[in-house]
Structure formats: C-alpha cells, structure tokens
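From first to last, the protein sequence lines are chains A and B. The numbering of the first sequence is the numbering used here, which starts it at 1 and goes up by one. The numbering of the second sequence is the numbering used here, which starts it at 1001 and goes up by one.
Among these hints, one or two may not hold up.
Here are the in silico distance ranges between beta carbons for each label pair [what the hints assert, rightly or not]: (1) A:E126 to B:G1127: 32 to 38 Å; (2) B:N1126 to A:P153: 30 to 36 Å; (3) A:E158 to B:D1030: 19 to 25 Å; (4) B:E1038 to A:A156: 15 to 21 Å; (5) B:T1202 to A:G187: 37 to 43 Å; (6) B:A1198 to A:D169: 26 to 32 Å; (7) A:P53 to B:E1040: 48 to 54 Å; (8) A:P53 to B:H1039: 48 to 54 Å; (9) A:P153 to B:T1148: 36 to 42 Å; (10) B:R1150 to A:G109: 40 to 46 Å; (11) B:T1200 to A:D106: 35 to 41 Å; (12) B:D1144 to A:G187: 26 to 32 Å.
Derived list of chain B stretches under chain A, where covered just means 3 residues or more per stretch with a C-beta under 8 Å from a C-beta of chain A [said to hold, decoys possible]: (13) 1028-1036; (14) 1040-1050.
What the hints contain is simulated information worked out from the structure, not anything from laboratory work. In this text, a Cβ means the ideal position worked out from N, Cα and C, and glycines have one as well.
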Amino acid sequence: MLYGPPTGGVLVLSGEGWALAHDFDGIVHPRSDPSFTEDEALPLGSGELDGLPGEDVLLVKAETDGERNGFHIASLDDVLDGHPQTELVLRPAVAWRVSDFFQFADLDGDGITDLVTQVRPGPETESEAVAIWRGPLLTDQPDRPPDLVFRSPTDAPEHRFGGAIAVLDFDGDGQDELAVGSDLEGGPGAVYVYEDVLAGWHTQNPGFREYSASQAR
Amino acid sequence: MIASLSLLLACRAPVPPVPLGTPTVPVQLDPLFELHGEHERQLLGATLFVAEALEVGRPALVVSSDVSPLEDAFVELFPPPGEALIVDRSGVRARITQNLEEFGRVSHVLPDTNGDGLADLVLRDNGDLRLYESPHPAFADLEDAAYTWRENDLPAAHGLRQRASVYPSTRLGGPTNELFHLDSGALAVSIVGPTVPAPTLTPIDFLLPGAFSELAR
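With the rest of the complex left out, here is chain B (with noise of 0.2 Å):
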C-alpha cells in the first residue's frame, strides 16, 4: 500500500529540471540559417534587435553593419516572419546607409511615434539620433529621417552626449515615449510621440542634473 502510495506521487511529482550537459563544457548548436558579411571588417551583427511592429502584426529583424569610414555603414531590415525565411541578402526589406562609423549602433524601436501604431526606428548616427517612421519605404533614404537630435542641440555645460534608451509611455503614466540622453553630468529627456509628432520635438524637455552612469535596455 505505501509502495503504491510512493509510486504514485512519485508520477504527480514535477520533473525537477537538470542542466543539459556540463555547464563547463559549452556544445555546440547546428544554426538554423546564418547571414556573413560581404566586406572586410564589416562587423555584421553588431547590432540585433527585434522590431516587433514595425508592419501591422509583423515583426522584422534590425541588424547593422558597421564598416570601415570609407565604405557606407548600413541597417538592414529582414521580413517577418510568413513571408520568405531569412537564407540570404535576398530577404532584406529595407536598407539604410550612412558614410560614417557606428551609424545603427545604439538603436531602439518606438512603440509609436506618429499615431498610425506601427512602431519607429531610433538610429544612432554617430552623436545624432535619428527617427525613421515606419513604414518600411520611408527608411529607403538616410534623407527620410523624421527627426533628428543632434549632438550640438544638448546643454554643453553638463557634456551630454546622444545614448538613447527608450521608455513605453505607460511607466510614466502618459501617451508618450521618451527618450534618454545620458552622460556623466545629467540626464536628459526627450518625449516622443504618438501625442507630439515628429515636428514638433525638442532636443531636450526634462533635464536632471547629476552623476547618472548607465542607461537600462
């Protein structure tokens, strides 16, 4: 009786988890699809990150290529998932480029900036931040940038410089996003739509003074 008894909450019991392998001894893992870069210190994947509704309903992946100064840097956008699986550049949706370094690098998606609810591409462009609005087409140029903050619009007394990490609205209780601006003497921020459009933001609307040293994901 209590060996049946045993048995049987030993089968209700939950399987406690193991780790698979050594933890040590790292394995290696068969890569679904992979994308090279095609240049010399190209640095493909330096930059990954998942728009999630950059289409209605459509996610996209975002990487960035930061070349040499002499060859275009470039984000390219690859199609969600339904549509052809990423195998090679023949995926790519959009790309933009910019003849400078680190363009793309400390990028971030707004949840929406104009009010159509798509998401919104932040890009970095070396001390600017730029702001693409989705749709897709409109990232075609380096031109079609919304918005763009630039490095010299920020107070030089507290040595700002552009790092953006975006914000959804609802942690600060508003229909907004907004944007961070970060270095050792403040902290700067910048809102966003969907309530303030693209032409009429500001460099800067809060700024708090202080020794802030990192900015969250």
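One chain only, chain A, in its complex shape (with noise of 0.2 Å):
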C-alpha cells in the first residue's frame, strides 16, 4: 500500500508489516507489527471513514477460518505508530466475501463517504453482487451488514458482476450515479447505471440526513 500522510512522505506495506518511507529520502523507518501484516490484511485506501475525527485506513482482512473476510477500519495514527487496530468491522453476509475492489462514494447525498464494493460468491452464493455500506461507517454492531446488496439484471454466475465501478453524475441532475461492469457478461461484457441505488433506503428512513450530520459531528 502507498499512502501520503498529511505530514509528508509515502506510507508502504512492506512484507515486514508496515512501514514509513519519508519523502523519498531513501531512509525507510519500519513500522512493524507482527499481528497485522500483509498476509491477513490487505490496505486499500484512506480517508474519513468513522465519522470521528483524524483520517482511517481501510482494509481487508480474512478471517482465520478462510470462510469469511470484511473490511476493517483502523485510525491512521494508530498505523504510523506501528499499531493499527481494527476499530470496527464491516462484513457481509456468511454467504458473501468482500473484494479488494471498492469505491468511495456520497450516494445518498448527506455530504459523508459511503463505501461501494463487489461482494464474491461464498458457499450458498453463485453470481457476484454489490454491496453498500452507508457512511459514517460507525457502528455499535461488532459486525455491521451491509446496507444494501444487488446482483446484475442478469443475475449470471461469474459474470465479474462490480469488477469495476465508477460513481459520476452522468444525467446532470446533482445526484451521483452508479456504474458497474460486468465484463464477463455473455461473453462481450456489459457496464450498467444506476440512479439513486439508495432510493429504497430514503423511503424507509425520511429522517437519514439529520441523523448522519449528529453522528458525523
């Protein structure tokens, strides 16, 4: 993983753990720590993810069984220390494991990151989907669902269904929109667009802004 902390310099993976290249001066500081290292957690990018104050890092780890895996959120500090701990936990379902593939995105239009992401087939499941989690991505739930999962139109199996997404206003109405790519479909592959995925969720909850704007704060 490459990131770059707002004090200067490249944060690295190493296959040590972590560590710290600082502004390419050629000197790498390590940031070791055993319990935490590339082979059960995989970082995949940074931002405000908790709704807390101070930037996260957001990873994928397996659990030890090899069945289940969910992205996990650890403060940066906490990683440039050399000690990153899992703050919190999202996973899908038994049945679905995470990808390494993901989006932030604001789709529900309160202001505060939204993680999009392929979930793969597990045991009971055969065709690739994509799952939301709504930000802030703070929980009391020690395994927090996500809140919302969709397959393809086709619902196929292995049709790579969230290989790759993309979020853009594409119509011009102020609202993002979802692209997903399917490029095993049928053969030719195929990318499909979505409108307000979250519309479900607006009618079930008319009260989300205010309680996301009391959670960010």
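Please dock the two separately framed chains into a single complex, following the hints provided.
Put into structure tokens, the structure is as follows:
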C-alpha cells in the first residue's frame, strides 16, 4: 500500500509489515506489527470513514478460517504508530466475501463517505453482487452488514459483476449515479448505470440526513 | 407532562439507519441505462473510471474493452453530463485502440501534466504506460501519447514491472504528481507535471528498494 500522510512522505506496506518511507529520502522507517501483516490484511485506501476526527485506513482482512472476510477500519495515527488496531468491522453475510475492489462515494447526498464494493460468492451463492455501506461507517454492531446488496439484471454467475465501479453524475441532475462493470457477461461484457440506488433506503429512512449529520459531529 | 416531553424528544431524535431489506438477500435494481459489448470476449467494463476534469468542468466516464489478441483493445470516453445521455455507443467521444491485450487496464487519471488545467490519462499498454494529454481530440490515435514509460526502461535488477498508481502533488508537498511502479523488489517513482512537462519526463526519479507488495488505488 502507498499512502501520502498529511505530514508528507509515503506510507508503504512491505513484506515485514508496515513501513514509512519519508519524503523519498531513501530511508525506510520500519513500523512493524507482526499481528497485522500483509498476509492477513490488505490495505485498500484511506479517508475520513468513521465519522470521528482523524483520517482512517481501510483494510480488508480475512478470517482465520478462510471462509469469511470483511473490511476493517483503523485510525491512520495508530497505523503510523505501528499498532493498527481495528476500530470497526464491516462484513457481508456469511455467504459473501468482500472484494479488494471498492469505491468511496456519496450516494445518498448527505456529504458523508459511503463505501461501495463488489462482494463475491461464498459457499451458498454463485453470482457476484455489489454491496453498499452508508457512511458514517461508525457502528455499535460488532459486525455491520451492508445497507444494500444488489445483483446484476441477468443474475448469472461468474460475470464479474462489480469488478469495476465508477461514480459520476451522468445525467446532470446533481446526484451521483453508479456505473458497474460486468466484463464477462455474455461474452462481450456489459456496463450498467444505476440512478439513486438508495431510493428504497430513502423511503424507509426519511430522517437520515439529520441522523448522519449528528453522527458525523 | 412526561408523556408530552417524551413525545417531543422522540420527534427531535435522529432517525437511526436501518438496513434496506435483508442484506443476505440481494435485490435486483433496474439500471438507468446499460452498455453491451459488440464482440465475443470483448470484456467491456473490465476497467471503469471517471476523469473528473478531462475537459474544463466536465467529467467523463472512461471504459476499457479488453478484447482478444486478434482484435483491437480500446478505451472509450463517454460524454459528460449536459450533453447526450449515455444510452449507446453513439455517445462515445473518443476511442483509443491498440492491438494488444490488456490495453487500458490499470489506468489512471492525472490531475494535470502539462499545466493547462485539464486532467490527463495514463493507460497501460501491456508492459508500457502511456501518457495521453487532454483535450479529447488528442486521444484519437495511439501514437498521440505524449510520453511512454517503457517496461524495458525499468531496472532489471529489481525485477520491476509497470503497475501505475498516481498520487496528487499535495501529498508530497510539491507541485507535481507522482507515478509509481512496483514489484516485489523495489518501489520506483516517476515525477510528472505540470512543472515537469512530457518532453522532460524520465523513466524513474526515485527508487526505494524493498519488498513492497501492493499499491492502493
């Protein structure tokens, strides 16, 4: 992983664990933590994710039995100190595994980062899907399930639905749409663009903007 | 009185979010529109990304097609909002083709490389990385690449291969962007514009030996 922390330099993940290469001075400052090496935690990105002060690092971590995995979020300060402690865990259901492909977006227009990712089949499922966790990702639940999981219109297995995701206001209405690649679908592949994927969530949660704002504070 | 107070507090309390439906049971959504590939094994949608400022104030969707070696692979740029809605291939603004597999994979948008304020593209061309400068008409031909980081330019001693990751200049405190090349043996960094125009680019500006493993997007 490479990450440019606000203080300068680049954070990298080496074979020995975490390391901080500062300002390309050629000196690699090790920040090792044997309990959190690349074998079990793949760093993916960073940003303000949990609604609390300070930047965070998003990691995907496999469970010890290899059957489950999920996103783990740790504070950047802890990572730089060499002790990245998981602050919270986002997991799909047992039947799904999160992919290492994701996008940060604001799909509900509340100004807070949401997480969009592909989820891959598990023992009880066959076709890939896309999962959305609404921000802030702070939660009281040990395992927070996604707010929405949706499959491709064809719902066929092994089409790599969600293998590529982009967020853009395609039609100029001021709200982001979601473009989802399905590059093995039918042979030629396909791209689907969805408008207001959280419309159903809006209907069920008319006060969500106020709630999200209070959580962010 | 107590009942009235409770009612008042309940009215002012934020609405907690609830999952939309049952997360283990994915839903199917109707897409706003969809694109389908035209050739067998085209792999339309293998890569999707948004170029936020490819033209002034206008984002665009960039879609790669990774077709078989016998046919051209290509990258398409779709129009920004405010113009025709993307409903079919008539919306393609520009197409760059190359008769190689994996053209367009591991692609990135550079905020600006030539100081004109427009975003530019780095596209993978098998082992090479090609820089295409905005505006769009410059993308009409593969040979319009302003600069090519060639696989053979990388130090063989470290076993480097081209895998791009781009970070904005502010991360490192300077007016440049950085292009990262990575393999198990080292991390290489190339500095790109806008203060370093294409004619003066070099294959590698910094090299950090180490067992680096992954690049964050």
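Hint-by-hint comparison with the structure:
1. Here the CB-CB span from E126 (chain A) to G1127 (chain B) is close to 35 Å, well matched to the stated 32 to 38 Å.
2. The beta-carbon spacing between N1126 (chain B) and P153 (chain A), approximately 33 Å, falls within the hinted interval of 30 to 36 Å.
3. About 23 Å separates the C-beta atoms of E158 (chain A) and D1030 (chain B), a value consistent with the hinted range of 19 to 25 Å.
4. At about 19 Å, the CB distance of E1038 (chain B) to A156 (chain A) agrees with the hint of 15 to 21 Å.
5. As the Cβ distance of T1202 (chain B) to G187 (chain A) is approximately 42 Å, the hint placing it in 37 to 43 Å holds.
6. Under the hint 26 to 32 Å, the C-beta atoms of A1198 (chain B) and D169 (chain A), about 31 Å apart, fit the expected range.
7. Taking the beta carbon of each, P53 (chain A) and E1040 (chain B) are about 52 Å apart, inside 48 to 54 Å as hinted.
8. Checking the proposed 48 to 54 Å range against P53 (chain A) and H1039 (chain B) shows it holds: the Cβ atoms sit about 51 Å from each other.
9. The hint said 36 to 42 Å for the Cβ distance between P153 (chain A) and T1148 (chain B), and at roughly 39 Å that hint holds.
10. A hinted range of 40 to 46 Å for the beta carbons of R1150 (chain B) and G109 (chain A) is consistent with their spacing of about 44 Å.
11. A C-beta distance of roughly 38 Å is found between T1200 (chain B) and D106 (chain A), which places it inside the suggested range of 35 to 41 Å.
12. Between D1144 (chain B) and G187 (chain A) the CB atoms are about 31 Å apart, so this pair conforms to the stated range of 26 to 32 Å.
13. Remark: the region 1028-1036 of chain B is confirmed as covered by chain A, as 9 of its residues place a Cβ nearer than 8 Å to a Cβ of that chain, reaching the required three.
14. Figure legend: the region 1040-1050 of chain B, annotated as covered by chain A; annotation consistent (11 residues with Cβ-Cβ distances under 8 Å, at least 3 required).
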